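Chemist: Below, each chain spelled out in residue letters.
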Amino acid sequence: MATVSQTHQPPGFRDVLFARRSTVVALVCFVVIVLACYVLPTLDLTAIGKMSVRNRLTPPGADYFLGADAFGRDVLGRLLVAGQTSLQIGLGVAILSSSAGIVIGLVAGFFRRLDTPLSRLIDAMMAFPDILLALSLVAIFGGTVGNVILALSIVYTPRVARIVRASTLVVRELPYVEAARALGSSTLTIMVTHVLRNILSPILVQATFIFAYAMLAEAGLTFLGVGVDPSTPTWGTMVNEGRQYIDNAFFLILFPGVAIALSVLSLQLVGDGLRDALDPKLNKET
Amino acid sequence: MAKYLLRRFVGMVVVIILVLTIAFVLVRLAPGDPAALMLGPDATPEEAAELRTRLGLDDPIILQYATFVGNALKGDLGESLFFNRPVTSILADRAEPTIFLALMSLFFALFIATPIGIYAAYKRGSLLDQSSVTSAMLAASIPSFLTGLVFQRVLATNLGWFPTAGYGGPDADIWVRLGHLILPSITLGITNSALILRFTRASMLDILGEDYVRTARAKGMPERRVILRHALKNAGIPIITVVGLTFALLVSGAVVTERVFNLPGMGNLVVNAVLRRDYPVIQGTLIIVASIYVLINLATDLIYFFIDKRVKY
Chain A
1 MATVSQTHQP PGFRDVLFAR RSTVVALVCF VVIVLACYVL PTLDLTAIGK MSVRNRLTPP
61 GADYFLGADA FGRDVLGRLL VAGQTSLQIG LGVAILSSSA GIVIGLVAGF FRRLDTPLSR
121 LIDAMMAFPD ILLALSLVAI FGGTVGNVIL ALSIVYTPRV ARIVRASTLV VRELPYVEAA
181 RALGSSTLTI MVTHVLRNIL SPILVQATFI FAYAMLAEAG LTFLGVGVDP STPTWGTMVN
241 EGRQYIDNAF FLILFPGVAI ALSVLSLQLV GDGLRDALDP KLNKET
Chain B
287 MAKYLLRRFV GMVVVIILVL TIAFVLVRLA PGDPAALMLG PDATPEEAAE LRTRLGLDDP
347 IILQYATFVG NALKGDLGES LFFNRPVTSI LADRAEPTIF LALMSLFFAL FIATPIGIYA
407 AYKRGSLLDQ SSVTSAMLAA SIPSFLTGLV FQRVLATNLG WFPTAGYGGP DADIWVRLGH
467 LILPSITLGI TNSALILRFT RASMLDILGE DYVRTARAKG MPERRVILRH ALKNAGIPII
527 TVVGLTFALL VSGAVVTERV FNLPGMGNLV VNAVLRRDYP VIQGTLIIVA SIYVLINLAT
587 DLIYFFIDKR VKY
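Those sequence lines, one after another, are chains A and B.
When the letters of the first sequence are read in order and numbered with the working numbering, they come out as residues 1 to 286.
When the letters of the second sequence are read in order and numbered with the working numbering, they come out as residues 287 to 599.
In isolation and in its complexed conformation, chain A is listed as follows:
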């Protein structure tokens, strides 16, 4: 930061992103969660999946750091493995809905004839509350990890599409797009190299938030008993399993719940930081 102020350059992306302590803490927190979920289980420090009925519902302590579940399995170990699936669902939904949203939004923003029908379709899709629509979709597709990703992607695609369309409408009128058109670039080239590359920042911010929302929604769906199949460990299925033992082992719900909250919170803080770093106009909000 010091060198930047000496040379009187405007602060760069990284300076703004890391200027706020909460963004840095959130980013570190999220990276730690991801590393823990993917690295710790490979080190075999915890007896993942080993059942010992004698130790069922052991409270957190020396033997089991975060306790043991109804089958005597180590909660910490399960939490880490389940985290992989939960994170994959979030990331999958973020990537899939962004990609679909980019295509729909660019087409709506570029072809005036398709704009009205696509925009009305987006309006209609967004009239369905997310959990309700996802619930119905999972009911129809069936409760597997892939289908939950597909259902939630359908739910969140209109949100991305709306943002992409709005940004496209602004960027397509800029002089450099006109110049590219005058030079004979094809519509596809203009769409991808000139427009898409310049509207990536709002899409990235939105994708971060969708990552967070999707993790929350997966947990919600699974809690309702219509999400991921109970045999696949996710943070949502762990909460759902723990519900039966709520009276004598509340920690079975608490730990996966806290894991979800921590991941979602850090993702949202990172999203906020990204938004401020990528769009200086919005800085006044902080």
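If you are wondering where the hints come from, they were derived from the structure by calculation, not from laboratory data.
There's no promise every hint is true.
[As the list claims (entries may be wrong)] Some chain A residues judged to face chain B by a derived CB distance under 8 Å, without partners named:
hint	residue
1	L96
2	A100
3	A127
4	G220
No experiment lies behind these values; they were computed from the predicted model shown.
For glycine and all other residues, C-beta sits at the position ideal for the given N, C-alpha and C.
We have chain A; now place chain B onto it with these hints.
Modeler: Okay, now just chain B, sitting in the frame of chain A:
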């Protein structure tokens, strides 16, 4: 103005028709024969054929669609396969807890979030501002079932301050029923207050930066009057928007909250319908909820239009 109203009205009708279309297509996306799926594995082919005829599933798809939209516009959303009753009358029976839950939690959310949002904007950058923004984000990150389960366990089961679950039984009077909704409303209200707080704070910050606020301060008006007379009056409009925005959030949250507190509302109905594959009920709930959303958003736009003279269309 008449032209704007007409355009908005036509837009609304188009969106509602699209909502009906999406709901129609959704149910037909299900793999396999819907009749066999609805009847379960024990059904004989004859039973499936009979149900298909009854539901009109053997008709050409265009005809099915036309019948479906025609009936829906007349207020007929089909019959539940589980209850053997019209979907609309089941939804009407289940509407009360959901409507009260939504209204009470909205009231609760506005009650805590609006003053804090306004004050945080006024004391921008202060400890209170930072902590309220952080806690709003935290509230939005905790899954609502976790908040609900913790509240239920601590405040209802352990301390006995609130009823644990349910809606007081079939003969309970209105106060008992509302009493059962306090804890669910607080749960849902906390989740939703996050959005309202951020929104109120942001719009109040905009207003405090306006020229007329500076003018009022410059001419020596007491700070209290600047806030109360100039700023607050103009903060009302964004709050109307937020009510429209939170509706979808309220319904999604209500589904989960009703499940936690075992309330006999529309959310619980739809989850059970999903578990029973009662497609007409799922379809009907989707249509009703989406239509209410469209109407609420039209209403907020119209209120805008009539309140804010600067809004030009």
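Chemist: All hints, please: hold or fail.
Modeler: Okay, the hints, checked on the actual structure:
no., hint, in the structure
1, L96, "violated (17 Å)"
2, A100, "violated (16 Å)"
3, A127, "holds (4 Å)"
4, G220, "holds (5 Å)"
Checked against the numbered hints given earlier, the structure breaks hints 1 and 2 and satisfies all the rest.
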